[in-house]
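*Asks:* Sequence:
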Amino acid sequence: MNALQTLLKRFAEHPHAPAVIYHNRPTCYDQLLESVHHAKSVLLDRVEPGSTVSLVTDFCPDAIAVLIALWLNRCTVALITPRPSAQLQVLHDICQAQWVANFDERGQLCVTPHTRSIEPALIRQLRDQDSPGVIIFTSGSSGTPKASVHKALALLERHQQRKRRLTSIAFLLFDHIGGLNALFYTLFNGGCLVIPASRQPAPVAKAIEQHRVQALTTSPTFLNLLLLSGAFEDHDLGSLEVINYSAEPMPEQVLHRLHKLLPHARLSQSYGLTETGVVPARSESSRSGWMKLGDEACQVRVVDGLLEIRNNSTMLGYLNAPSPFTEDGFYRTGDAVVQRGDWMKVLGRATEMINVGGEKVFPSEIENVLKGLPRIGCDG
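Numbering (the UniProt record's numbering), first residue to last: 1 to 380.
Incorrect hints may have been included.
To be verified - Derived DSS-like pairs: lysine-lysine, alpha-carbon spacing no greater than 30 Å straight-line:
| id | residue 1 | residue 2 |
| --- | --- | --- |
| 1 | LYS260 | LYS292 |
| 2 | LYS146 | LYS292 |
| 3 | LYS9 | LYS163 |
| 4 | LYS40 | LYS292 |
| 5 | LYS260 | LYS163 |
| 6 | LYS260 | LYS146 |
| 7 | LYS206 | LYS163 |
| 8 | LYS40 | LYS9 |
| 9 | LYS292 | LYS206 |
| 10 | LYS292 | LYS345 |
| 11 | LYS345 | LYS146 |
| 12 | LYS40 | LYS163 |
| 13 | LYS206 | LYS260 |
Just so you know, the hints here were simulated from the structure itself, not pulled from any lab data.
Given only the sequences and the hints, what does the whole structure look like? Please build it.
*Replies:* Next comes the structure, spelled out in structure tokens:
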């Protein structure tokens with residue numbers, strides 16, 4: 001039984017439990033399963049198995065059902081959140097999509113053909129193996145995003161082992177590796193995913209209070225905004241049991257304030273990249289920025305101060321960029337780390353290092369100092 005089959009079997013185990021809450025309306029697991037089967041039947045009439053499909057949407061129950069249905073149809077799905085049409089066209093062309101799927105103003109699924117000039121070698125590899133795939137674009141602030149190609153089943157594999165059943169909030173986007181991880185952790189374990197009205201501090205805090213959310217996966221920047229916004233004074237966030245943070249270094253002052261406000265919550269640093277998926281990580285403590293990375297299925301090493309990773313969920317490669325892998329298959333993350341025995345601390349991207357008079361400093365180190373000064377609030 002593969003990971004997709006396991007997922008659908010888990011849906012059937014608790015049919016009347018809420019799987020997703022969207023616009024404050026619950027969708028139970030039996031309804032989600034029915035939506036998957038309906039989407040699959042609609043797609044089979046138009047989309048040939050093994051096709052490449054751009055799915056343009058953010059989190060909603062129907063989007064989740066369509067994604068699963070496309071994977072059941074052995075398609076490779078490029079995940080794209082809504083954006084201007086010119087940007088969409090660039091992304092469709094990069095992944096050489098054959099179809100574009102989205103939802104109209106009434107929430108109806110629309111599937112339109114898209115012309116592609118060639119079939120990329122990595123996409124052909126997936127199709128030849130009858131393997132569903134997913135394309136995730138990097139979120140760099142400049143230049144053309146890189147398209148990373150993954151085997152969908154490899155990303156889902158890690159969720160087959162049963163863990164805690166939690167009510168989580170969908171803060172990270174649908175096309176973000178962390179957003180996918182939060183989604184499928186929740187669904188594989190029979191939990192409930194709450195989709196907030198927006199990703200601003202007040203609506204997120206309101207959703208946490210209203211639905212007694214237990215788990216929040218987000219960035220240190222948002223956690224700092226949550227503290228500065230007054231959300232802790234305006235809303236009861238005491239239901240939070242787990243706060244996972246990643247994507248950037250965590251300022252110590254923010255970590256200490258959160259621990260003081262939520263002493264019973266576990267503050268846990270996670271690590272993952274678009275290219276590697278989420279890497280097994282264990283924080284030293286709720287007050288520490290140090291962590292251990294890797295397990296028996298995920299190897300990590302540090303070469304010249306930079307982190308390298310090799311695991312089963314790492315991408316096959318980029319569609320539009322050179323290979324970032326070493327000769328022995330490790331992915332070069334570009335993240336600078338310091339080590340203390342088996343523990344590591346991520347300093348930031350090596351390309352962001354500032355060299356002043358021969359002294360090397362990372363922006364995160366400067367931010368930590370500034371945030372420790374009186375009357376320094378937000379770094380924007």
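*Asks:* Straight-line Cα separation of LYS40 and LYS163 no greater than 30 Å?
*Replies:* Cα-Cα ~28 Å, so holds.
*Asks:* Are LYS9 and LYS163 close enough, with their CA atoms no more than 30 Å apart?
*Replies:* holds, 16 Å
*Asks:* Quickly compare the C-alpha distance for LYS40 and LYS9 to 30 Å and report which way the hint goes.
*Replies:* holds, 16 Å
*Asks:* Take a quick look at whether LYS206 and LYS260 sit within 30 Å of each other, Cα to Cα.
*Replies:* holds, 20 Å
*Asks:* Hinted pair, alpha-carbon criterion (30 Å max): LYS40, LYS292. Please report holds or violated.
*Replies:* violated, 41 Å
*Asks:* Between the alpha carbons of LYS345 and LYS146, is the straight-line distance 30 Å or under?
*Replies:* Roughly 26 Å separates the two Cα atoms, so the pair holds.
*Asks:* So if I understand the rule, the pair passes when the alpha-carbon distance is 30 Å or less; does LYS260 with LYS163 pass?
*Replies:* Roughly 27 Å separates the two Cα atoms, so the pair holds.
*Asks:* Run the distance test for LYS260 versus LYS292: straight-line Cα separation, threshold 30 Å.
*Replies:* With Cα atoms ~24 Å apart, LYS260 and LYS292 stay inside 30 Å; holds.
*Asks:* Is LYS146 close enough to LYS292, meaning Cα to Cα at most 30 Å?
*Replies:* With Cα atoms ~28 Å apart, LYS146 and LYS292 stay inside 30 Å; holds.
*Asks:* Quickly compare the C-alpha distance for LYS292 and LYS206 to 30 Å and report which way the hint goes.
*Replies:* Violated, because 33 Å separates the two Cα atoms, which is more than 30 Å.
*Asks:* Check whether the Cα positions of LYS260 and LYS146 lie no farther apart than 30 Å.
*Replies:* violated, 40 Å
*Asks:* Please work out if LYS206 and LYS163 have their alpha carbons no farther apart than 30 Å.
*Replies:* holds, 27 Å
This entry does not satisfy hints 4, 6 and 9, going by the numbered hints stated previously.
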